[in-house]
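*Asks:* Go ahead and model the full structure; you've got the sequences and the hints to work with.
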Amino acid sequence: MNMSPAAGIRLPHAVARKRSLWSMRWRIFSRNKLAVAGACLVLLVVIVAVFAPWIAPYPYDKGNALDAFTKPNAAHWFGTDAVGRDVLSRLVYSLRNACIVGFGAEAIELTVGLLIGAVAGYIGGTTDTILMRVVDIVYGFPSFLLSIILVIMLGHNILAVLVAVAATSWVGMARVVRGQVMTVRQSEYVDAARAMGASWWQILRRYVLPNSLGPVFVVAAFGIPANMMVESALSLVGLGLQPPTPSWGTLISDGQKAVFSYPYLLIFPTVLFALTLLSFTYLGDGLRDALDSREG
Amino acid sequence: MKSPSASLIELSEIRKVFRTSHGPVTAVDGVRLRLSPGTTLGLVGESGSGKSTVARVMLRLVRPSGGRVLFKDQDITAWSERRLKPVRRMVQWVSQHPASALFPNLTVGQNIMEPLRTHGIGTRGERAERALQLMRRVGIPEDGFHAFPHEFSGGQQQRIVIARALAVQPECIVLDEAVSSLDVSVQAQILNLLQDLQQELGMAYLFISHNLAVVRLVCSEVAVMFLGRIVERGRTEDVFSRPKHPYTQKLLAAVPSFTEDGGVTPLDEANLLQGDPPSPLRIPSGCGFRTRCPFATERCASERPELRRVGAQEVACHYAEEWDRP
Amino acid sequence: MSDLLSVQDLWVRFVSKSGAVHAVNGASFSLEKGRTVGIVGESGSGKSVTVKSIARLLSRNAEVAGGTILFQGRNVLGLSEKQMRKIRGREIGMVFQDPNAYMNPTIPVGKQVMEPLLYHALCSAKEAERRAIEMLRLVGIPSPEQRFREYPFEYSGGMLQRALIAMALIADPVLLIADEPTTALDVTVQAQILHLLKKMKETRDMSMILVTHDLVVAAQVCDEIIVMYGGMVVERAPTRDFIRQHRHPYAIGLMASTPRVNGPLERLKPIEGSPPDLRGGLPQGCLFAPRCPFRMKRCEMERPPLEEVRPNHYVACWADPTEVRHEIAISQSH
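These protein sequences, in sequence, are chains W, L and B.
If you're matching positions, the first sequence starts at 81 in the numbering used here and goes up one per residue.
If you're matching positions, the second sequence starts at 320 in the numbering used here and goes up one per residue.
If you're matching positions, the third sequence starts at -10 in the numbering used here and goes up one per residue.
Because the hints were derived from the structure by calculation, they are not lab data.
Among the hints, erroneous ones may be present.
Stated by the list, open to error - Chain W is faced by these chain L residues, among others (derived, beta-carbon under 7 Å): (1) LEU378; (2) LEU380; (3) LYS404; (4) ARG407; (5) ARG408; (6) TRP412; (7) SER414; (8) SER419; (9) ALA420; (10) PHE422; (11) ASN424; (12) PRO434; (13) THR437.
Unchecked claim - The following label-pair restraints were derived from C-beta to C-beta distances: (14) B:SER5 <-> W:PHE131: 36 to 46 Å; (15) B:SER48 <-> L:PHE337: 35 to 45 Å; (16) L:SER500 <-> B:ARG229: 27 to 37 Å; (17) L:ILE440 <-> B:GLN273: 48 to 58 Å; (18) L:ARG338 <-> W:ILE210: 16 to 26 Å; (19) L:SER499 <-> W:ILE127: 47 to 57 Å; (20) W:SER110 <-> B:GLY67: 36 to 46 Å; (21) B:LEU254 <-> L:ASP587: 22 to 32 Å.
The beta-carbon is built from N, C-alpha and C at its ideal position, and this holds for glycine as well.
*Replies:* Okay, structure coming up:
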């Protein structure tokens, strides 16, 4: 019997490495122009968010009162606001905060939702019933109200906002994961695995979870802009991030107050916000199309 | 080394009742089956006969509601999954839809190696070597090792499933409608492969099918099921040439076949079973077949016939001797 | 010679983003009035697409790339959808594989059976109901008055298929197309349905096309057998002649691959290889050549035309029939 070197499997002759499931999905994804555009924009957003301190030309909280309400010009590309702060810089930092909340809350959602959904879907029975009732109860709360209550209780810093947003949105993820796991669990290959002698843990780890994760990416991709919206809504009503910390919500709220005299204060934040959300949406759509198809 | 036991797998008075929204359904009722090493036993029946349930009970994918499952004379009916593991290695499964039975997230090579991995057999290299060897044996080109199952046709996928089943050198394979979803020409290839493998490796087969012609080809023994019970059992040639149970007779008459003189079996009204197959929800009292049996009497309604020896085979019919005319 | 139906050099392909699939590649056959023909083939043979083309029931991405289909003298491929709708259900009746998929689960079966009569304004509603009940009785459904009002879920598979046949025949079509009508049914139920179809064919002035993957089923019910492979007709003969004298290597292979329930128990002699890949460009020569044990150089270069080798017996093959028979005889004697 030929022993193989520890490093890899030595096959009798060159066996071409064929495409993997993921590279095929990548091909489908890359054919979708809108999705690719969305992905690029999202990447741009993330880069801006990460490198905000280096990208923003001015600090977000220092303004020269004498420069208040200047229209967009060479020094201030997007103009200045009521207290002379550079709008562009504030936009960049608010994008950063939006991303922190958006991605951060999504991370929490993923962890909690995956855990609860997978356990409920895989074990089933009474465990599933109990867990799903919990999910139903949380789902039944008016989520925005709950977020407001949490933010009041926990404070107005970014971490609190993050938790407040995640507290209600994890249920969607849990439900999707549970549905997927339950479906996959009925598959013939799971039966085949049992007949083969695999343990429950092995079945979950090797066969059920990998085949259940497709929709999770899509839900996550749509979840991030949703989280951003909640965050800016909280700030819009003055309960989220407090000034001078910039948030899209506060920028829009400020802009709205001066819309007739200084429309640029409203236009820039709104347009940029919309573009960001749209790019996530197209990315999510593209992901869904790519992950749904099973053909080569 | 232990002397080979007379029976590999034995099902003793197996009953399985499913609870459905329409009420309890008795899928299998009092089935006795014995599979000896190296033999090929066919299980035929139509939908609702319970043959797939019997297979699942044998594979311990489902717990019987009554009766015992014995593996090499050991009662495994109530064994835990952990205890069953070494038994699972010895009894493998090939099902009807190969595309669903293969792990979609693993390559062909990985699929074939999975049983080896599960049972901790061999090193990585040895497993890969064995997988390639199996691929060669079942006729899958070697460069498919890194490909995914969905890239292959149905017939090739079924070959991969067979290779996977052979990986751990089982003593028995349960084939549940293994060729039913394949085209005729592909089916013929797979049947030849299965026959060759059986002769080469000496495994036992439990071959379940609704296709009588296929069972005749592969199996030396056959059991005919109807509504959860075995109604006739014996050597294939005996049962097919001289069927003694009315259901078996009607079943055989219904299978279209070419005749010696270059014709086809005629569609004779007299040979046809009238009416619909009864639903497993409402199994007739006494003999389950009596509502469709042209010879049913009162006795058939009150007394359930047991399998008993009549001539060369076992038949569950009160009047089996009447049919045993040369 | 009055041909009810004449399919001439039909080419159909399916277009999609990843290319074209050539489902039917120059299929030709005809059907005389009152005859029954069985079209036999495996998946990818193009048999279903061919008959669907007759009724113009192909999906949106299907393209008829050539040929004509003459039905009662008119080229069906040139008719408008409006004209086709007058034909479907009235002059051409259809029965498909899965009765549950073709019956509306929310409408009583009887109402659906009588629908063709009302749609084509052939009689009043009252009369249609009477005829539907008669039809249900004719196809062997007991207590038809009662079952008229029942819903599809209350019928068993075999019963529902009978109801579908009733629906297909109620307007007295001249042509019945049955596409794998018994594939999803148990073998005893299949025998009943085939018997019914045969009875219908004998008692009504009707022609029938039965599409099936099972040669024996076709042989039981049909007067003529057509074998299709790779979208072409490779052999066509009256049933008895076909059984005894089939000569296309694919037909021979198919017969040799079919296990028998009686007669001598022999090892199957399968056809090597896999069904043809009909995507992208088609090969120049015979589509069966790669799998054919009798292939010659010519087979790979040129497609053999369908030729009449004996009265009413057509084969599309370059091989010398006597040679083919000889080889078969030798291999069978082993």
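*Asks:* Hints first: check each against the structure and report whether it holds.
*Replies:* Structure-based check of each hint:
| no. | hint | in the structure |
| --- | --- | --- |
| 1 | LEU378 | 5 Å, holds |
| 2 | LEU380 | 6 Å, holds |
| 3 | LYS404 | 5 Å, holds |
| 4 | ARG407 | 3 Å, holds |
| 5 | ARG408 | 6 Å, holds |
| 6 | TRP412 | 4 Å, holds |
| 7 | SER414 | 6 Å, holds |
| 8 | SER419 | 4 Å, holds |
| 9 | ALA420 | 5 Å, holds |
| 10 | PHE422 | 5 Å, holds |
| 11 | ASN424 | 4 Å, holds |
| 12 | PRO434 | 5 Å, holds |
| 13 | THR437 | 5 Å, holds |
| 14 | B:SER5 <-> W:PHE131: 36 to 46 Å | 44 Å, holds |
| 15 | B:SER48 <-> L:PHE337: 35 to 45 Å | 38 Å, holds |
| 16 | L:SER500 <-> B:ARG229: 27 to 37 Å | 31 Å, holds |
| 17 | L:ILE440 <-> B:GLN273: 48 to 58 Å | 50 Å, holds |
| 18 | L:ARG338 <-> W:ILE210: 16 to 26 Å | 22 Å, holds |
| 19 | L:SER499 <-> W:ILE127: 47 to 57 Å | 56 Å, holds |
| 20 | W:SER110 <-> B:GLY67: 36 to 46 Å | 42 Å, holds |
| 21 | B:LEU254 <-> L:ASP587: 22 to 32 Å | 24 Å, holds |
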